[in-house]
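Chains as they are written, first to last, in our numbering: chain A, 849 to 1094; chain B, 849 to 1094; chain C, 849 to 1094; chain D, 1116 to 1373; chain E, 1116 to 1373; chain F, 1116 to 1373.
Note that these hints are calculated values from the structure, not bench results. Just so you know, even glycine gets a beta-carbon here, dropped at the ideal spot from N, CA and C. Do not take every clue at face value.
Said to hold, decoys possible - Some chain A residues flagged as far from chain D (calculated, every beta-carbon gap over 10 Å): (1) Arg-869; (2) Val-882; (3) Pro-958; (4) Tyr-1084.
Unchecked claim - In silico PhoX-like cross-links for lysine-lysine, where the CA-CA straight-line distance does not exceed 25 Å: (5) Lys-1125(E) x Lys-877(A); (6) Lys-1158(E) x Lys-877(A); (7) Lys-1283(D) x Lys-1024(B); (8) Lys-1283(E) x Lys-1024(A); (9) Lys-1364(F) x Lys-1024(C).
To be verified - In silico contact screen, one side only, chain C against chain E (beta carbon under 7 Å); selected entries: (10) Val-933; (11) Leu-1005; (12) Pro-1040; (13) Thr-1045; (14) Met-1049.
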Amino acid sequence: MQGNNGNITFIRDGVRLDGRRVDELRPIKIEVGVLSRADGSCYMEMGDNKVVAAVYGPREVHPRHLQEVSRAIVRYRYNMASFSVEERRRPGPDRRSYELSKVSREALEPVILTSYFPRSVIDIFVEVLQADAGTRTAGINAASVALADAGIPMKGLITSCAAGKVDGQVVLDPMKEEDNFGQADLPIAITPWGDITLIQMDGDLSRDEFRQAVELARIGCGKIYEIQRKALLDRYCQMESAAQEA
Amino acid sequence: MQGNNGNITFIRDGVRLDGRRVDELRPIKIEVGVLSRADGSCYMEMGDNKVVAAVYGPREVHPRHLQEVSRAIVRYRYNMASFSVEERRRPGPDRRSYELSKVSREALEPVILTSYFPRSVIDIFVEVLQADAGTRTAGINAASVALADAGIPMKGLITSCAAGKVDGQVVLDPMKEEDNFGQADLPIAITPWGDITLIQMDGDLSRDEFRQAVELARIGCGKIYEIQRKALLDRYCQMESAAQEA
Amino acid sequence: MQGNNGNITFIRDGVRLDGRRVDELRPIKIEVGVLSRADGSCYMEMGDNKVVAAVYGPREVHPRHLQEVSRAIVRYRYNMASFSVEERRRPGPDRRSYELSKVSREALEPVILTSYFPRSVIDIFVEVLQADAGTRTAGINAASVALADAGIPMKGLITSCAAGKVDGQVVLDPMKEEDNFGQADLPIAITPWGDITLIQMDGDLSRDEFRQAVELARIGCGKIYEIQRKALLDRYCQMESAAQEA
Amino acid sequence: MSSVISEIRKDYLYNLMLRGQRADGRAFDQPREISIKTGVIRKAEGSALVTLGDTQVMVGVKMQPGEPFPDSLDRGVIVTNAELVPLASPMFEPGPPNEFGIELARVVDRGVRESGAVDLAGLCITPGEKVWIVFIDIHILDDCGNIMDASSLGAIAALLTTTVPAKKFGLGEDYPLPIKDIPIAMTAVEFGGVVMFDADVDEEAMADTKLTVISRADGTICGVQKSGTGVLSQEQIYRIVDIACENAKGIREKFLEV
Amino acid sequence: MSSVISEIRKDYLYNLMLRGQRADGRAFDQPREISIKTGVIRKAEGSALVTLGDTQVMVGVKMQPGEPFPDSLDRGVIVTNAELVPLASPMFEPGPPNEFGIELARVVDRGVRESGAVDLAGLCITPGEKVWIVFIDIHILDDCGNIMDASSLGAIAALLTTTVPAKKFGLGEDYPLPIKDIPIAMTAVEFGGVVMFDADVDEEAMADTKLTVISRADGTICGVQKSGTGVLSQEQIYRIVDIACENAKGIREKFLEV
Amino acid sequence: MSSVISEIRKDYLYNLMLRGQRADGRAFDQPREISIKTGVIRKAEGSALVTLGDTQVMVGVKMQPGEPFPDSLDRGVIVTNAELVPLASPMFEPGPPNEFGIELARVVDRGVRESGAVDLAGLCITPGEKVWIVFIDIHILDDCGNIMDASSLGAIAALLTTTVPAKKFGLGEDYPLPIKDIPIAMTAVEFGGVVMFDADVDEEAMADTKLTVISRADGTICGVQKSGTGVLSQEQIYRIVDIACENAKGIREKFLEV
């Protein structure tokens, strides 16, 4: 949040730089089961973000001392490809990716039935191939679908979306320019029944604007949830018909 | 030891830059039991040095392969806070702190009854919050008190003090300026019965000066020992009276 | 391979810069059993290359999870001393030494009877004290002798040698200048019966030249093999006579 | 990073909680006793020792000239680091900061940054070339719960007493670090539907979920961070935000305003 | 780095092999189906997604001005890195590249470098001071065997579609990266005397030995690398080299020549 | 870092010791046989291979121009590093130097530095900007006890034969590194009240405590380091210092003076 937007007007006549309305998501594309080696996987585009998620497990824990006697542990590794951003980044995790991995794991863990798999681990890997504001939410959405694809028992799908503030107005799903020069960013993740599993915020919001932003992000999540469900259903039908052909 | 003292006179009429005589210690302050989480702890000031020591244990050893079947292992971690010195230092251990940790551990280990606690570890952590020449000796003194506060059985308290050489004269407990521009530095640590558990020296000393420096440092240790004992006694009395009140 | 040789002529009248013919090796010196602590060792000079190899094992594997139930694992660590090259190199492994360690291990492992020593490790350490093109081949040759000196059961000795291409001609055992400014480098390692356990190549070779280079490197290996055998025999005789004297 | 807590202690605390009570008698929205000592480290440009109940955190601020970021050539730079040294808790291990230490430092950093607490424009020395770097180093000494709020409090208290060491670097006279806002972080934990502020170490061990809310002097919000593997309802979040902003006012007035 | 494979599966594949067959019906010298999509990462100067059977590798090329090497002051610099991220295989672990990742990157790098694929002399900006650095980043997405050939193919495909971002750095108009050759890597595995090209993940797990041969457009060889703990006879090596050079021609014509 | 030694061997050595003897027949204050070969590494500016009994240590000195330290702008810089490579002992492990390697390097470094052995003022190229960096790299080859003295001896022997490579860097003619003193380290171990100099690997394994004393040519002391978990009496220390200074003289005369 630099808050310093130069002289750009982000919203003109209710329309944003990329033609969206304030409560409109960027185009979303989801493909399920895109990887052979992983137990579950998902490719997702949210606007110009391109992420792949893979799930391995439940499987044995290495190193052993991390294992828990009464439940599976969940690990989440958010990683950006070197070429995913304007200026090449050095490979390997940085402080930002450690934090995002932590909050993303905590966004998903509440719905995973970890007690079914004591002493094991469920590994979630998210690779960001192209980044354009919103990679953590795209990653969580893809990971949630990949978990379902891997057959991991869950109470429900997690869906994630951000709201932002530009030109003093709360907007849904900020893109790169809005994120860089906007006044606030508020990503959330929710369960299908509305519990919040992730919330972060930085920038400048009054208490009213904060509530508006939460409400708007929830609406965004609702729309994404339908796309997630449809993608999983398509995948299921596809596998069914493949099975019948065989 | 740069040996290059510019044109500073360190001792004039037997009095040093900070008003001390050559055989005088800097002011010392010791507080016992300053931390709640640690099993034993001690805060110590020696002149402008400010250190905190904590002791945890005896406790389980991780990683396991370090464990010894017939005794407790002792670990000592000397660490300087980033803000403890003139120019901010990068967090984390450097080569100097590895060496100081090693010799400090070896200074204390001879009096710890490690055979009482096979397969366990006694962890000693020393954080330097402000540094002004003599942090290793201050750290050892504080650690020794923290060990006693933790109830670790010991043959006796270890006490540590340095002697130096400035203006061709052997002096007790050199401060920063004397250490930076002096001609020698000789820290020792001793048991109450006079065995030497740490001795290091660098600079330029004749064999006679070497003996003088050892003798002087021993005298310093004697004085510090009384302060350590008194601090532990005060703490004990304080706990006694707290127990009686309850 | 820079391929850019400035205006140097590397071969004049069939004679190379250092007076060798195209199919001639640099002088070789091998000493067996040069280290006391290691189970087997070898010092080797190939031209200006100076390497020491040590073998430890079969011995226990640490960390444990690396151990294999039906065979010994083999580890190989190729390391260059900081002072071994023109410009001082930082201590510790770099990407090149990781690759060389891997291919060198794979060059030796085919002849080691690893199944004789389940759950154990055979550690091979090679230190390059001076480097002058051909350190990997010198290291493998020395390691092979050190394995024999350690009494590790092997199907046969591994021998390694490189061929190169300079002035459009295939040459044996290129030295530093020929390696830096030559057109190709092709190291191999072979068993006594001619199986190839290492082959690498970079530069520019036609298929015919490639075959020529392989043939020439094999001839080089044959000569080195005799020197290896002789060195081991001398060592054996020397120990025999020492035993008889005792 | 939560400590281990015995089942018996947990039951005891849970039963208390059902009766609307906490082990130390505090109300659910009441923080532990706070003390702030500043200027404790003479070698730092600013420093503060914060105690929050038994929790102790030292924060030191060091400053030195350095290069600006390419995307803000005329502004100072803030670098925040937290050391969860093993002296402070049996749960901490030596080594580089893990995800808990990194999250702590980043949340404190965002609070300082997003609130505009430090006037970064006032820390430019030569535009595009040289600016002041402000290092905020958080050193946890005793983790008896809620090191987040203690660290955040320590950071702003240390900044408020920081002197720009211009003289030392031949850059004119020393002057106080220009401060424009006083962000305050307030953290609540949730357990069994109950929300408690400023959890002690046992309460933290019991709870799955934390929410940190950082507010400005004008009552607006500049940072929020949920952590932990539990969930929060929208209403719980709104309530925590409201209490956090209110409580922050009191602390700001009592401890930090001039 | 080879995957675990059950004894039953191994026996099955071995018996097939003895009858001159492979599980997916291919001839021993026949690669799996190849697809190459370029320009998939808009933020990179060049990119390619290669699928080789079920194996998927993404390669991105980024460029930026930097310092030349001291021994080639008027030439651009190539830096190749491979990330074997744990998303791509149960055998991969997080952390810095291990010896497998390093070997992969170095073999791809040598193929590009030794073939003279990139006209490095055309990447000098100010001799001795500033040249273009070409970062080739290999990101393995799905390791179903033979990531070496897929990575090598991805690298050259990405380079062929790379635009030098001169404008972004105020260095004139953008222009296509000057490419002078198209190196192609072909890898064979050996098992029980049989040589198979483009092994899938099970075939790789079964075989002890691999040989990678990289050839230029003119049919000459610019790189060879044996890996694995087995041996190869001289004749096997010559045969692999011959087939590799021939097969490379077909792939070059079909996928990569303009 | 001490090696494991069997109880039987220990008893044997202990009984010998009680009778005033050592396994190899030496007197308690007598070092093993010493040999020093210099100039063994042509690529280094100076080098020495020291054998001390069966212990072998190679030291290489490399020099290159670099920046001075901010607090000594007109003086050269010494950087000392020790590699306890796993080739040299079953007790050594690969990886960055541990506390034993660090202590070794730092004690050797202090000996060289505090004795003023190298005339650092003579290594200034451009005051405040460019000075010679002297890298002393200690490479342990065979640890059969007392690598401290062998390393220290190797360092000064290598320095004494070092040529400043001025020509290579376009800084005039090469010249011998200016040496002003010859520090010698002598290490004793203590066990059961007995003090033995230059312990071999078994004696080291038996003893808890070491004392290293480094003395100058004029007989003054420039470095002392106790290591190990035992204790020493004041008298033992004084005695070790006396013998160390005397023995050093002999070694200096025999091996190192010109």
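Hints and how they fare:
No Cβ of chain D approaches the Cβ of Arg-869(A) within 10 Å, the least distance being about 23 Å, so the stated non-interface status holds. At roughly 28 Å, the least C-beta separation between Val-882(A) and chain D is larger than 10 Å, which holds for a residue marked as non-interface. Distance check for Pro-958(A) against chain D: the nearest CB is about 5 Å away, which does not clear 10 Å, and the non-interface claim fails. In this structure Tyr-1084(A) is separated from chain D by more than 10 Å, as the shortest Cβ-Cβ distance comes to about 27 Å.
Distance check on the hinted pair: Lys-1125(E) and Lys-877(A) sit about 39 Å apart at the alpha-carbon level, beyond 25 Å; violated. For the given pair, Lys-1158(E) sits about 19 Å from Lys-877(A) by alpha-carbon distance, which is consistent with the 25 Å threshold. Between Lys-1283(D) and Lys-1024(B), the direct Cα distance comes to roughly 18 Å. Compliance with the 25 Å bound is thereby established for this hinted pair. With a C-alpha separation of about 18 Å, the suggested pairing of Lys-1283(E) with Lys-1024(A) holds against the 25 Å cut-off.
Distance hint between Lys-1364(F) and Lys-1024(C) is unfulfilled; the C-alpha atoms sit about 43 Å from each other, more than 25 Å. Restraint check, Val-933(C) versus chain E: the minimum CB separation of about 13 Å is more than 7 Å; hint violated. Interface hint at Leu-1005(C): violated, since its Cβ lies 14 Å from the closest Cβ of chain E, which is beyond the 7 Å cut-off. Interface hint at Pro-1040(C): violated, since its Cβ lies 12 Å from the closest Cβ of chain E, which is beyond the 7 Å cut-off.
For Thr-1045(C), the interface hint holds, since its Cβ comes within 7 Å of a Cβ in chain E; the closest pair sits about 5 Å apart. At a threshold of 7 Å, the smallest CB-CB gap from Met-1049(C) to chain E is about 4 Å, leaving the interface hint in force.
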